Each structure stands twice: as C-alpha cells, then as structure tokens.
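Starting from the known structure of chain B, arrange chain L on it as the hints suggest.
Protein chains in written order, with full-length UniProt numbering: chain B, 1 to 317; chain L, 1 to 317.
If you are wondering where the hints come from, they were derived from the structure by calculation, not from laboratory data. Incorrect hints may appear among the rest.
[As the list claims (entries may be wrong)] With beta-carbon atoms standing in for the labels, derived distance ranges:
1. Ser225/B to Glu246/L: 15 to 25 Å
2. His214/B to Asn61/L: 20 to 30 Å
3. Lys115/B to His110/L: 47 to 57 Å
4. Thr145/B to Thr17/L: 50 to 60 Å
5. Met1/B to Glu10/L: 57 to 67 Å
6. Glu246/B to Ser112/L: 33 to 43 Å
7. Thr270/L to His214/B: 40 to 50 Å
8. Ala313/B to Pro226/L: 38 to 48 Å
These figures come from a predicted structure and were not determined experimentally. Beta carbons are placed, not taken as given, at the ideal position from N, Cα and C, and that holds for glycine.
Protein chains: 2
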Amino acid sequence: MDFSLKQIAELLQNSSTIIITAHVHPDGDCLGSMLALNEYLTSRGKSVKMVLDDEVPALYNFLPGYEAIGKPTTKIISSDLLVVLDASDIERIGKVKEHVNAPILNIDHHISNTKFADYWYINSQSAATGEIILELLRLLNAKMTPTIATCLYTAIATDCGFFRYANTSVQTMRYAADLMEYGANPNSISEYMETKPLESILTLAKVLETLELHHHGKIATITVSPDTLESLDSTEGFINYPRIIEGVEIAIMFKIMNEGTIRISFRSKTVDVSRLAFSFGGGGHIRAAGCAIIGKIEEVKKRVLDSAIKQLAETLL
Amino acid sequence: MDFSLKQIAELLQNSSTIIITAHVHPDGDCLGSMLALNEYLTSRGKSVKMVLDDEVPALYNFLPGYEAIGKPTTKIISSDLLVVLDASDIERIGKVKEHVNAPILNIDHHISNTKFADYWYINSQSAATGEIILELLRLLNAKMTPTIATCLYTAIATDCGFFRYANTSVQTMRYAADLMEYGANPNSISEYMETKPLESILTLAKVLETLELHHHGKIATITVSPDTLESLDSTEGFINYPRIIEGVEIAIMFKIMNEGTIRISFRSKTVDVSRLAFSFGGGGHIRAAGCAIIGKIEEVKKRVLDSAIKQLAETLL
Chain B
1 MDFSLKQIAE
11 LLQNSSTIII
21 TAHVHPDGDC
31 LGSMLALNEY
41 LTSRGKSVKM
51 VLDDEVPALY
61 NFLPGYEAIG
71 KPTTKIISSD
81 LLVVLDASDI
91 ERIGKVKEHV
101 NAPILNIDHH
111 ISNTKFADYW
121 YINSQSAATG
131 EIILELLRLL
141 NAKMTPTIAT
151 CLYTAIATDC
161 GFFRYANTSV
171 QTMRYAADLM
181 EYGANPNSIS
191 EYMETKPLES
201 ILTLAKVLET
211 LELHHHGKIA
221 TITVSPDTLE
231 SLDSTEGFIN
241 YPRIIEGVEI
251 AIMFKIMNEG
261 TIRISFRSKT
271 VDVSRLAFSF
281 GGGGHIRAAG
291 CAIIGKIEEV
301 KKRVLDSAIK
311 QLAETLL
Chain L
1 MDFSLKQIAE
11 LLQNSSTIII
21 TAHVHPDGDC
31 LGSMLALNEY
41 LTSRGKSVKM
51 VLDDEVPALY
61 NFLPGYEAIG
71 KPTTKIISSD
81 LLVVLDASDI
91 ERIGKVKEHV
101 NAPILNIDHH
111 ISNTKFADYW
121 YINSQSAATG
131 EIILELLRLL
141 NAKMTPTIAT
151 CLYTAIATDC
161 GFFRYANTSV
171 QTMRYAADLM
181 EYGANPNSIS
191 EYMETKPLES
201 ILTLAKVLET
211 LELHHHGKIA
221 TITVSPDTLE
231 SLDSTEGFIN
241 YPRIIEGVEI
251 AIMFKIMNEG
261 TIRISFRSKT
271 VDVSRLAFSF
281 GGGGHIRAAG
291 CAIIGKIEEV
301 KKRVLDSAIK
311 QLAETLL
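The following block holds chain B by itself, in its conformation from the complex (with noise of 0.2 Å):
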C-alpha cells in the first residue's frame, strides 16, 4: 500500500538523524528539493546530512546552501531515516547506496518510479519533486525562507523547463507564484541557469555547422566530433536547435564517441521516437528518446535515417 503525505510528514517528525540524498548527474529539481528540505529539517533541530555521489554542477552553485552537500566514503554510517529525492531507482544514487545504513524514504514523481524504498510517496501528476516537496512543507507548517522558495522555484522551474514542456500544470504557476511571494526571483534564478561557458558557446557556433536536412527538411541532423566533446562538459540544449526548424518533424544528434560508438539523441514533434530509439536498443518518451550504436558515423547515420524516414513515413499514413 502507498504511503500518504501525512505519513511522511510523520515519519520526518518521528526522525533525528536524517540523511538526504539525489540521484547522480544532479538537476535543478533534485538539488533544489535537497537543499530546501534540508533548511527545514535543519530548522527543526534534526541533525541533517546531505550526500551526493557527484558533484554539483557549477551552473547550480548560486543555490543557497550547496556547499553543505558531501560526497558518500566507504565508512557506512547509520542514521534514523535516508531520504531519497527524485530517483526513480535505488542504483540512481550511486555509492550512498553502500554507505548509509538506514530505513529509507523515497519522494519522487517519475512515473518510472521502483518503489523500491521502504516508505515512498510518488505523485507522477507532479511537475517536479520540487512541487512535492513543497505540499509537504505546507503540511508540516513550515516557515517559508526565501533560501526554501529559493530552492524549489529552481527545482520547479528546471523540470518544466521554465514553464514550457508539456507537465507545466495550472498548479505549477500556482505553486510558482507562492514560491514568488516567499521571496523566489525568478529573473536572477533564469539569468543563473541561463549563464553558460565561453567554450560552449564556441561549440555550438561549431555543430550548428554540422546540420544537415534530410527528407525534404522533415529531419534534420547535428553531428558533435569527439575533440569537440573534449573540450566540453554538457551537450545539453544543442538538439533544440534543429528541433525548432520550421518544418522538421525529427531532430537527432549523432555523438562521436573517443571509443566508436555514436551516440544518438531523438527530439520529435509528432513521430513516436521511442520507437526508433528503441529498435537501437535505447529508449525514452515519445518526443525524447536515444541510443547507442557502435559503427562507423556514416554507416550509423544511413541506418538510422533510413529508420527515421521509415518511422516518419508510417506516421503520417
């Protein structure tokens, strides 16, 4: 049986030693729903340790807080309760899995979700863990710092992409403009999250001259070389590029790998590319899908255009 939000505000309340973590490869969801938990329960007079087997990208390093966050060691330590944020999956939170010895709580809204916890509150309607987190400090009388509104703004607005994918719901603006009145900008939080390196934006002047449109331009390609991947951290965003073409229905970016293999990333607007991900061996969402396929890049590429123009072709019959 599910556990209610009540339970779980139960359970925190009946906890001393609590300690938070996040699933590795950190968002802004799963940072901001830790810290602003964290404030809370710290505020409470609990003893609270957050743990995170990766490091905090610099991009979230505004986030009031994040330098409490520390790294899982081989000692195990024990505490009254592990509360797991926004991982659908124990192995998503790396080492903290071996080194923690407690009684663990899982919130998340991944529809994915194992339940694998002993204590778990999942709520896939949820835009973001964020706006969990939220109806739990509510529950739970919370005083709302800006440092909490701070935090699950970030957090909200990361998984809705700023109010424009498609899991933006009347409650997230809601859920939005409260945090706004607890002292959340949403201006500063953007020009943060927006601020990028100089070699990133270098690259992608570099890859936007790999695209290439295919199909009488319903698919359009991004290449990324394995020296361009070199002096980059994240090829995050750069799909969204032939993605908004006018006219293109399939976006995929093909990674060259130092190993040889290619990487690909599927973006559609109509076409289910999880069924092309899929016949690869990969997965994801209609609209979002990948794969991994080891070859050469041109004989990759043909196969997998010749599938996308197949899969294109049966969806507009």
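Relative to the frame of chain B, chain L by itself:
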C-alpha cells in the same frame, strides 16, 4: 485626470462600431491583446474591425483569428472608437492615424506612454498589455473562451520572456494559471513561438563565429554583416548568446547596415547601458539599450568599446 478601468469598460459598452489597432513591428503582446479584445467585442454584437499598419509575423500565425487583421488604406473611415493597444505614442500606429476618424482609447503598459489619446488606461506595473485586457474582460464579465485564453497567454508570455524577465510578477504567474484553466496550452504556445526558419539557425552559426571577448572577458561582441541581414527577417535573440557567457558584463551586437550605418544593441548584467547608448544619440533601458552610428565598422567598434570599458570601470568603482 486618468481614467479607471471601469470607465474604460463603460466606454467600450457604449460604443457600437469599434476599430482596434496596435503598434507597428507587432509582437505577441499587441497581437494577442488585439485578438482577445476583438473576440470578446464581436461576441457582444459590436461591429469590430482590426487594422494594423504592418504584416503579422509568420511566427504568430497560430493565433486564432489573425487572418481578419486588415491594413489601413488611404480612405478615411469613421467609427465610435479607435482602440490603440500596447502603443505608447500615436506615431507607433503608422498610417492607421490618418485612416481612422474616431475618438481614441489607448490601453498600454509602457512607462514611457505619452497619454496622447482621448481616453487612456496605462498601468506600467503590468508585465504586458495582455494583463490589462484580462482585467478588463473580467470587469465586463466576459466568457473566457479558449481563443481568448490562448491570445492573452501568448500576449503575457511574450512580454515577460516566458516568465523569466524582471517584469514577471506574482500576478503575472497567477493570470497565466487562470488562462491555462480557461484553455491556454503553454506547451503548444511555446512550441509555436520557438519555431524558427532554417535561415535563422544557419545565420546564428555564422554570427557566432564573429564572437569576440574584450577587456578580460567582461565585454562580448558579435557582428552581423550586410549579406547576413539580407537573408534574414530579424536578428532577435542573437544578442542573448554573448550576454549569457560566464563573466560577461556587457554584450554588444554590431549590425552593419547597407547604407553605411552601424546599428548597435547593448545588453548588460549590472552596468547601465542606457547611458552608453545615450552618449551615442540612442536610448533604452538600464539593461537593454541601442543606438545607430554612421561610420566604418572598425572605427565605430573601437569608439563603442572604449566607451563601454569606461562605463564598466565607473560602475565597478
């Protein structure tokens, strides 16, 4: 004396033939506001005409009813009321000024509004004219249709940069939530608005190659050549790329026009660039300003960079 929103509502109720117009170089706010007001007034049995002295950008062809927007002719037409939306100054409506013979009602949110009309409602606290139209329609007990919701959501989202600019208020978020309840779909609106012609993405790649950093990475410039401009409607958004680079305080775009003029746009994080623009005969806001200088690009660039460095030094003192 200023007019109240109630007086404006009564004025509309008491008018039978109404012409609605907005500013040239139309954006989502003036178009969305125009179409929403037209939809309501038409439903009340008024004889309504929309006239605009410009083309509707293809980008906004998803707005329901845009095909009904006509152009002014040399013939003079009369009506009970000419509603001028989102224009701070009579010159902004172009030839509609000579085309229509009617008392003028101006609804606007620009702080620079000149109160040129016979009746006016100006609220510079509103992030968009669309927010005022929503308030007006509520006062009139209008039935909020999905058409009205889509138009007003687009109006508001345009002017607050999809809830990221500093003018985004708690009210802005709450109005957006309400409009979603009335039928606006943020995801499809943002998808439509993000769509770009292929040429725009290709040009972006070319323009990014001109990126230069100056003064220890605190100033970033891009330069747009005349042949680039020929193939493109708009350079909107290009200046964001130098602006978001880590460490950049002032972003500058130089547009080399064919006739020997250099058009310059400034963006900043901290520095007051309106002073910079003003010193070259231009103007604008603290963080976004512009000017035009006649001269050769190398020489103009040097003058502008020298001034920018000086301004930067004064700000950081």
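Do the hints match the structure? See the list:
no.: 1; hint: Ser225/B to Glu246/L: 15 to 25 Å; in the structure: holds, 23 Å
no.: 2; hint: His214/B to Asn61/L: 20 to 30 Å; in the structure: holds, 25 Å
no.: 3; hint: Lys115/B to His110/L: 47 to 57 Å; in the structure: holds, 54 Å
no.: 4; hint: Thr145/B to Thr17/L: 50 to 60 Å; in the structure: holds, 55 Å
no.: 5; hint: Met1/B to Glu10/L: 57 to 67 Å; in the structure: holds, 59 Å
no.: 6; hint: Glu246/B to Ser112/L: 33 to 43 Å; in the structure: holds, 34 Å
no.: 7; hint: Thr270/L to His214/B: 40 to 50 Å; in the structure: holds, 45 Å
no.: 8; hint: Ala313/B to Pro226/L: 38 to 48 Å; in the structure: holds, 42 Å
Checked against the numbered hints listed earlier, the structure breaks none of them; every hint is satisfied.
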